[in-house]
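Colleague: Residue-level listing of the chains:
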Amino acid sequence: MKLKLSAKSIFIILIVLIITILTFNYINRNSQLNSQKIQDFDPLKEGKTVGVNIEQNKPNGEKIKIIADLMEENKEEKFIKLINPITEIIKKNNVTKITSNYGYIINNYSKFKLDNNVNIYNSKKQFALKTEELSGMFDTGDMYTNSPVKIKIRNSKIQGSSLSLKNYGEYVKVFGKAKLTID
Amino acid sequence: MKIRKNKYYILHFLILIYFKSAVAYENPNQFKVEADKSIEYFEKQKIYVASGNAKASKGNFSVKADNITAFMGKIKNSDITYIEATGNVIIIDQDTIAKSNFARYNFKDKIIILKGNTQSIEAKAFKLQSKKIISFDDLKKIATSEGDVKLVLNGPISIFSKRINAKFDKINNNLISASAQGNVKIETKSETITCNSAKYNNETNLISLEGNVIIKRDKSILTGEKGYMNLNTRKSKIESSKSKRVKGVFSPIQK
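So the sequence lines, in the order shown, correspond to chains X and G. For the first sequence, counting from 1, position 82 maps to 82 in the working numbering; every step adds exactly one. For the working numbering, count along the second sequence from 1 and bump the result up by 1000.
Fair warning: there could be bad hints in the mix.
Computed footprint of chain G on chain X; a stretch qualifies when at least three of its residues, placed anywhere within it, have a C-beta under 8 angstroms from a C-beta of chain G [stated by the list, open to error]:
{"id": "1", "region": "51–64"}
{"id": "2", "region": "89–103"}
List time: in silico DSS-like cross-link candidates among lysine-lysine, alpha-carbon distance up to 30 angstroms [as the list claims (entries may be wrong)]:
{"id": "3", "chain 1": "G", "residue 1": "Lys1064", "chain 2": "X", "residue 2": "Lys177"}
{"id": "4", "chain 1": "G", "residue 1": "Lys1044", "chain 2": "X", "residue 2": "Lys91"}
{"id": "5", "chain 1": "G", "residue 1": "Lys1046", "chain 2": "X", "residue 2": "Lys157"}
{"id": "6", "chain 1": "G", "residue 1": "Lys1058", "chain 2": "G", "residue 2": "Lys1110"}
{"id": "7", "chain 1": "X", "residue 1": "Lys150", "chain 2": "G", "residue 2": "Lys1131"}
{"id": "8", "chain 1": "G", "residue 1": "Lys1064", "chain 2": "X", "residue 2": "Lys65"}
{"id": "9", "chain 1": "X", "residue 1": "Lys179", "chain 2": "G", "residue 2": "Lys1064"}
{"id": "10", "chain 1": "G", "residue 1": "Lys1170", "chain 2": "X", "residue 2": "Lys173"}
{"id": "11", "chain 1": "G", "residue 1": "Lys1108", "chain 2": "X", "residue 2": "Lys152"}
{"id": "12", "chain 1": "X", "residue 1": "Lys58", "chain 2": "X", "residue 2": "Lys111"}
{"id": "13", "chain 1": "G", "residue 1": "Lys1110", "chain 2": "X", "residue 2": "Lys157"}
{"id": "14", "chain 1": "G", "residue 1": "Lys1170", "chain 2": "X", "residue 2": "Lys150"}
{"id": "15", "chain 1": "G", "residue 1": "Lys1108", "chain 2": "X", "residue 2": "Lys157"}
{"id": "16", "chain 1": "G", "residue 1": "Lys1170", "chain 2": "X", "residue 2": "Lys125"}
{"id": "17", "chain 1": "G", "residue 1": "Lys1032", "chain 2": "X", "residue 2": "Lys150"}
{"id": "18", "chain 1": "G", "residue 1": "Lys1162", "chain 2": "X", "residue 2": "Lys173"}
{"id": "19", "chain 1": "G", "residue 1": "Lys1108", "chain 2": "G", "residue 2": "Lys1170"}
{"id": "20", "chain 1": "X", "residue 1": "Lys58", "chain 2": "G", "residue 2": "Lys1170"}
{"id": "21", "chain 1": "G", "residue 1": "Lys1058", "chain 2": "X", "residue 2": "Lys173"}
{"id": "22", "chain 1": "G", "residue 1": "Lys1170", "chain 2": "X", "residue 2": "Lys157"}
{"id": "23", "chain 1": "X", "residue 1": "Lys150", "chain 2": "G", "residue 2": "Lys1046"}
{"id": "24", "chain 1": "G", "residue 1": "Lys1099", "chain 2": "X", "residue 2": "Lys166"}
{"id": "25", "chain 1": "X", "residue 1": "Lys111", "chain 2": "G", "residue 2": "Lys1110"}
{"id": "26", "chain 1": "G", "residue 1": "Lys1074", "chain 2": "X", "residue 2": "Lys177"}
{"id": "27", "chain 1": "X", "residue 1": "Lys152", "chain 2": "G", "residue 2": "Lys1170"}
{"id": "28", "chain 1": "X", "residue 1": "Lys179", "chain 2": "G", "residue 2": "Lys1170"}
{"id": "29", "chain 1": "G", "residue 1": "Lys1074", "chain 2": "X", "residue 2": "Lys157"}
{"id": "30", "chain 1": "G", "residue 1": "Lys1064", "chain 2": "X", "residue 2": "Lys150"}
{"id": "31", "chain 1": "G", "residue 1": "Lys1170", "chain 2": "X", "residue 2": "Lys177"}
{"id": "32", "chain 1": "X", "residue 1": "Lys179", "chain 2": "G", "residue 2": "Lys1037"}
{"id": "33", "chain 1": "X", "residue 1": "Lys75", "chain 2": "G", "residue 2": "Lys1044"}
{"id": "34", "chain 1": "X", "residue 1": "Lys130", "chain 2": "G", "residue 2": "Lys1055"}
{"id": "35", "chain 1": "X", "residue 1": "Lys177", "chain 2": "G", "residue 2": "Lys1115"}
{"id": "36", "chain 1": "X", "residue 1": "Lys130", "chain 2": "G", "residue 2": "Lys1170"}
{"id": "37", "chain 1": "G", "residue 1": "Lys1032", "chain 2": "X", "residue 2": "Lys125"}
{"id": "38", "chain 1": "X", "residue 1": "Lys166", "chain 2": "G", "residue 2": "Lys1170"}
{"id": "39", "chain 1": "G", "residue 1": "Lys1115", "chain 2": "X", "residue 2": "Lys63"}
{"id": "40", "chain 1": "X", "residue 1": "Lys152", "chain 2": "G", "residue 2": "Lys1115"}
In short, the hints are calculated from the structure, not lab data. Yeah, the Cβ is synthetic: ideal placement off N, Cα and C, and Gly gets one too.
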C-alpha cells in the first residue's frame, strides 16, 4: 500500500503540529504559574492580603502606587511579598510603571526585588525595559540585574547580559557583549 | 515520487520564509553598535558610550575603536549627529581606510576629524599621514592635514610638508590635486626636491614648485625660485626669479 500525501495535507499536518506544540507549551506554563500561585496563596494565613492597593505620598512630591493580587507582610523582618505587582512611580506627571510576576519589598521597605517577567515602562521618556529579575531602591530609583536585559529608549534598542540603572533610567549601563541599534 | 516532489516544495517554502524573515527588517540607515565590555546611556546629554572593542556601522560606513560615543540630537526620535571614537580607531568608508587614536565623524556635514600622534587616510591611489590632525570633508572630498604631513602617491612619490591640502574624486576617491605648504620635500626614485610650497595636479601629472627650489639628482644639484616636475616623463624644469639666477652643479658619474 503506497502512502500518498499531497502538499496541502502535509501543510495542514505541519500547521496542526505547530499549533498543538504552542498550545501545549502555553497550558503547561500557565499551569506551572497557577500551581505556584495556589501554593503561595493562603488568605487565611495571618499577614496575607488579597487585592492590594497601596499609595504612598513622599515629601518630595513623589507618589508610589502599588497594585497586586496578593500581599504577604512579615512585620518582624519588615518585608512584603507581592504576587503580580504593578508599581507606578509618579514624579511630576512622569509615570514609571513596573510590573512583574513576583515582587519583594525589603530592607525596611526601602528596597525592592522583582522576579519573573519584569517590565518597566515610561511613556514620557519612551523607555521600556524587559528582564527576568531586578533589584533596586525606591529613594534613588537605582536598579540592577545580573540577568539578560532588553531596553528600548526612543528610537534605540539596547541588549546585554546585565544592567545597572540610575534614577529610573537617567543613566543606563548594560554590561557584557552589548548591542545597540538606532533606527 | 509525488511525495518527494512535495517535500522539495515544502523545503523551498520554508527556506523562503526563513530568508524573508531574516532580511525583512534590515534597515540600511540603522546605526548598529556592538561592544565587548558595556554600553552606557546618559539621558540628559543624550549620548551612548560603547566600551571595549567597540564596532559601529551605518550603511557602507564602519568604525572600530576601543570606545565609541554616539551623540544624539536633542529632538524626539532624532538621529545621531556625530560620533567620537578613541583608541586604535579604524574607519572604513567604501575603499577608504582612516586610522587614528581619536576620530570624530559628523553624520550631517560628513566631516571626519582625526587627531593624535599619528593618523592616516589610505585609498588605492594615495596615503595621507600626519602627526597632528587630518580633517576630511566627505561631501566636498577635501582633506586638510597638519603636522609633519606625508602624502604617498603611486610612483612611488612621497611629499613631506608642514601642511597638505588634498582634493579627491567624488566617485572613487582618487586624488585630483594636492597643495603642500612649508618645508616641502618631494622624494621620487631618482630625485629629491625641496622647496617652500608645491602643487600636484593629477590631470597633468605635474608638480609645480615654488620658493627656494632645490632639485637633487644623483650628484647634480639645480637651484632656483620656481620649478616643475613632470611625473610622466620624469623631467624637471627650473626657473629663476628677477633677483636670483638659476644655479646648477653637475657632477659626472664615474664609470
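Colleague: According to a criterion of three or more residues whose C-beta lies within less than 8 angstroms of a C-beta of chain G, is the region 51–64 of chain X covered?
Modeller: violated (count 0)
Colleague: Is the straight-line distance between the alpha-carbon of Lys1044(G) and that of Lys91(X) 30 angstroms or less?
Modeller: Status holds; Cα separation ~17 angstroms.
Colleague: Would you mind confirming whether the straight-line C-alpha gap from Lys177(X) to Lys1115(G) stays at or under 30 angstroms?
Modeller: Holds - the C-alpha atoms of Lys1115(G) and Lys177(X) are around 28 angstroms apart, at most 30 angstroms.
Colleague: Holds or violated: Lys1064(G) and Lys65(X), Cα atoms, limit 30 angstroms.
Modeller: violated (45 angstroms)
Colleague: Does Lys173(X) sit within 30 angstroms of Lys1058(G), going by the straight-line distance between their CA atoms?
Modeller: Within the cut-off at roughly 23 angstroms; holds.
Colleague: Hinted pair, alpha-carbon criterion (30 angstroms max): Lys179(X), Lys1170(G). Please report holds or violated.
Modeller: Outside the cut-off at roughly 33 angstroms; violated.
Colleague: Please work out if Lys58(X) and Lys111(X) have their alpha carbons no farther apart than 30 angstroms.
Modeller: Holds, because 15 angstroms separates the two Cα atoms, which is no more than 30 angstroms.
Colleague: Is the Cα-Cα distance between Lys1170(G) and Lys173(X) 30 angstroms or less?
Modeller: violated (40 angstroms)
Colleague: Within 30 angstroms, alpha carbon to alpha carbon, are Lys1032(G) and Lys150(X)?
Modeller: Holds. Lys1032(G) to Lys150(X) sits at ~15 angstroms (cutoff 30 angstroms).
Colleague: Hinted pair, alpha-carbon criterion (30 angstroms max): Lys166(X), Lys1170(G). Please report holds or violated.
Modeller: Distance ~46 angstroms between Lys166(X) and Lys1170(G) Cα, so the pair is violated.
Colleague: Taking only the CA atoms, is the gap from Lys1032(G) to Lys125(X) under or equal to 30 angstroms?
Modeller: This hinted pair holds, its Cα atoms lying about 22 angstroms apart.
Colleague: Check whether the Cα positions of Lys1099(G) and Lys166(X) lie no farther apart than 30 angstroms.
Modeller: violated (35 angstroms)
Comparing the model with each earlier hint shows violations of hints 1, 2, 7, 8, 10, 14, 16, 18, 20, 22, 24, 25, 27, 28, 31, 33, 36, 38, 39 and 40; every other hint is respected.
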